[in-house]
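Asks: Below are the chains, spelled out letter by letter.
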Amino acid sequence: MFSPPGLPSAGLLRAALWGALAAAAIMFYLDLRNRAFSPAVAEARLMALTARIRPHFLFNSLNAVLGVIRSDPRRAEAALEELSDLFRVLMAENKALVTLGEEIALCRRYLDLEHLRLGERLQATWDVGACPMDAQVPPLMLQPLLENAVYHGIEPAHEPAAVTIRAGLAGEEIRIEIANSYHGEHSNHAGNRMALDNIRERLMLFYDLEARLETAAENGVFRVSIRLPYRKTEKA
Amino acid sequence: MNEPLRILIADDEAPARTRLKALLADIAGEVPNRLVGEAGNGLEALALIESEPADVALVDIRMPRMDGVELARHLRGMEGAPAVVFTTAYDQYAVQAFDLNAVDYLLKPVRAPRLAEALQKARRVAQPSRETLERLSSEARRHLSVSERGRILLVPVSDILYLKAELKYVTARTAAREFLLDESLTHLEQEFAARFVRVHRNCLVAREAIAGFEKGVAEDGEAHWLVLLAGLPDKLPVSRRQWPAVKAAFAGGGEV
Numbered sequence: 001m002f003s004p005p006g007l008p009s010a011g012l013l014r015a016a017l018w019g020a021l022a023a024a025a026i027m028f029y030l031d032l033r034n035r036a037f038s039p040a041v042a043e044a045r046l047m048a049l050t051a052r053i054r055p056h057f058l059f060n061s062l063n064a065v066l067g068v069i070r071s072d073p074r075r076a077e078a079a080l081e082e083l084s085d086l087f088r089v090l091m092a093e094n095k096a097l098v099t100l101g102e103e104i105a106l107c108r109r110y111l112d113l114e115h116l117r118l119g120e121r122l123q124a125t126w127d128v129g130a131c132p133m134d135a136q137v138p139p140l141m142l143q144p145l146l147e148n149a150v151y152h153g154i155e156p157a158h159e160p161a162a163v164t165i166r167a168g169l170a171g172e173e174i175r176i177e178i179a180n181s182y183h184g185e186h187s188n189h190a191g192n193r194m195a196l197d198n199i200r201e202r203l204m205l206f207y208d209l210e211a212r213l214e215t216a217a218e219n220g221v222f223r224v225s226i227r228l229p230y231r232k233t234e235k236a
Numbered sequence: 237m238n239e240p241l242r243i244l245i246a247d248d249e250a251p252a253r254t255r256l257k258a259l260l261a262d263i264a265g266e267v268p269n270r271l272v273g274e275a276g277n278g279l280e281a282l283a284l285i286e287s288e289p290a291d292v293a294l295v296d297i298r299m300p301r302m303d304g305v306e307l308a309r310h311l312r313g314m315e316g317a318p319a320v321v322f323t324t325a326y327d328q329y330a331v332q333a334f335d336l337n338a339v340d341y342l343l344k345p346v347r348a349p350r351l352a353e354a355l356q357k358a359r360r361v362a363q364p365s366r367e368t369l370e371r372l373s374s375e376a377r378r379h380l381s382v383s384e385r386g387r388i389l390l391v392p393v394s395d396i397l398y399l400k401a402e403l404k405y406v407t408a409r410t411a412a413r414e415f416l417l418d419e420s421l422t423h424l425e426q427e428f429a430a431r432f433v434r435v436h437r438n439c440l441v442a443r444e445a446i447a448g449f450e451k452g453v454a455e456d457g458e459a460h461w462l463v464l465l466a467g468l469p470d471k472l473p474v475s476r477r478q479w480p481a482v483k484a485a486f487a488g489g490g491e492v
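Residue numbers (our numbering), protein chains in the order written: chain P, 1 to 236; chain G, 237 to 492.
Simulated from the structure, these hints should not be mistaken for lab results.
It cannot be assumed that every hint is accurate.
[Stated by the list, open to error] Pairwise CB distance ranges, derived in the manner of DEER restraints:
| no. | chain 1 | residue 1 | chain 2 | residue 2 | range |
| --- | --- | --- | --- | --- | --- |
| 1 | G | S383 | P | E93 | 55 to 65 Å |
| 2 | P | V128 | G | P240 | 44 to 54 Å |
| 3 | P | R88 | G | R347 | 42 to 52 Å |
Glycine is no exception: its CB is placed at the ideal position from the N, C-alpha and C atoms.
Chain G with its partners taken away, still in its complex shape (with noise of 0.2 Å):
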């Protein structure tokens, strides 16, 4: 408990970073503390945070680019990752979520004793569930996380041609390479519901990503339609129950 927490700031605003970090030297002497980073959005964050490990994260919810919620999810999944801490201006449902759970935020402007007693907390809380943060969430993330050797990639999720539920995996696909997921493919379709539309039971299919539709003998014998894909020789097979979801979101993809 003697070692100095280590802090990670992440605020798009200037001014805002200025004061935290004033009131991180202001309770130095009660709570030590030592900043090592900042950053002015999400992805730059986590960039920083696999370069310099941080105790805690103080995180701005509304960021350009990578918002602070999406940051925290990124998080949950990484391996000695900071406990995360928010700050908001002004965000009522924010304060609701928190209030019935265990992360702690700070309302802005953020005052001394309040930070410390955030900071204290902070060392034994552990992450936010990934039910509180995505009742926060707004959006749909705009990356998916995916981690590899140690470390963790983010795939934009504009990349992603098709993700796929194969045995215990769902994997995306990008027009470079594949991804493996450790999400379901329910969730995926329910998030970016906006994005992709289901072919298969198995299978979403970005819209943008659909070039065209061609008959096909699928594996089981049975006549099948199969999606073309932009950008990938790759043919995907279209279920009959799927077909006229399919063929309208094509017919609607211009405006996707």
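Same shape as in the complex, but just chain P (with noise of 0.2 Å):
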């Protein structure tokens, strides 16, 4: 079809207005876009997600420490020491990643509180020598997940129980694994699935699909796996 020029017909009329319209739509599915994935939004849904730590977890440890102060004064003081160096990071916003070795020390804080309540029934064993340390990692992944390993691992024990906590480096990447014994139905509690999901949720607000969290339960093993990219910190 042919038109006069300055005369535009009206099959071009229309042409232009569905091309109109289509810009329109891909601009405000942009811009949509933009605000899902703005860095605002992801503070916030980090923020949301900061790990809850268990009330039975504080109390418990509170009474323990009291059980201990008369007797070994100085073993409260520590592990006193220790519960607010935990709650300093769980009451965080900790919406910066942290250096591996930071989360894994905070892990060994807790675990060690942990050992004041249950003694020798708490079995922990790191294997963690061979992981650099200066990998970034999104805070507190680690700590739900030893404190899932101990509600459903070793607190329903009657027998000391262990918990394993292995970190290595697979070409670029870092793998993580935590492993406990676990009882009946327990593993599969709420309580637990919502630290995974949680943990989960940050890995891919961090990594995106780069990381993955997987759980699976056999022969009386429950065994969290997470893989990520190895990221060095930059140094200041």
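Taking the hints as your guide, dock the two standalone chains into a single complex.
Replies: Okay, structure coming up:
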């Protein structure tokens, strides 16, 4: 079809209209996408996802401190110091990544506190020597997993029970595994799943599809495996 | 009232027991008391109570092997059993349930005046009712208690092959012997639905114990399926009405 210049045909008008509509739709989509992935929204979601500690843990720990305060004031002192370190992190906004070394130090403090309560019933094994400690990880990525392991694996067990923490580097990937024995259906407990979903979502926000969290329960052992890309902490 | 109260502590955490002992010593002037035993779980507590009677048991709710709620349920059936005072770090359900009831509970960390109050009350207070305990208990019991010649026997639920109602009683059959229970079959069926399947109006069989089926003729002359058991020669008739459910339970039995 041919129209003389200056006189747009009805067809051309219609095409222009469609074009404008399509452009508006694309703009709208891009804007929406932008907003959804904007740092502000991601930050808000991260804050909402800040790991929550079980009140059970706080009160039992305080009770344990009161239990040793007369017989072993130094142990009580150390436990209160650990408890405040732990709560400082738990109550922080936790928007920035931390080093794996820092997260592991926090976990050791946590397990030390639980050791006060549970004594020899809690057998923790660390195998993290070969892992680069400067790797960046989301804060509180491991501590809630250990809390789950203690709640579902150690506390219900009559005999001393083990929790094993392994971390290593495979190629460009950090691989971490936490394993504990479990009892009956307890590993499927709602509190357990909540912590797992929380960590999974935070890994997504920091690493998108490059990170993974998987769980497996077999032969009485509950295992959580995390893979994430090895990114070194930039030296300030 | 001047006799010191005999106290038993059941808690799986050593520092928690130490804390209670220290508080008991602190309040001894106000409420004379004597510690008769310490247990790390419900089973140990029951064993202790048999040899060393107590007036009050301070019982943690969450313990391995046998938790505090199950312990209280077994004590309920026992003559001269101690009054139970629960201790718990945080358990909203328990707190709500106890609010409606006479039995006392203490939140950890326990405070001395509150402990003294609970002990004074405990001597007067009856055992918690069966209904309260059932509401509190999130899980099925792991043992059934049987009283025989004045003693409490604990039968692990996992040992029971079948439960049968006969006249006034329900009997629990293990590989070794039979026990007479003071409970209703309907109630047991509800509590242990995951473990037992009803094969007949008067009989529940452990899914795990079902080895197979054979055709047979029952007392009423009608043809019936009979359940064959692993580890026992007994054959149990399946009613026509229960047959589809029993068959399904057996087919899916591998994953129970």
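Asks: Now tell me, hint by hint, if it's right for this structure.
Replies: Tested hints:
1. S383/G - E93/P: 55 to 65 Å: holds (58 Å)
2. V128/P - P240/G: 44 to 54 Å: Roughly 53 Å apart at Cβ, these two residues keep to the hinted range, so it holds.
3. R88/P - R347/G: 42 to 52 Å: Given about 27 Å between the Cβ atoms, the range is violated.
Of the numbered hints stated above, the single one contradicted by the structure is hint 3.
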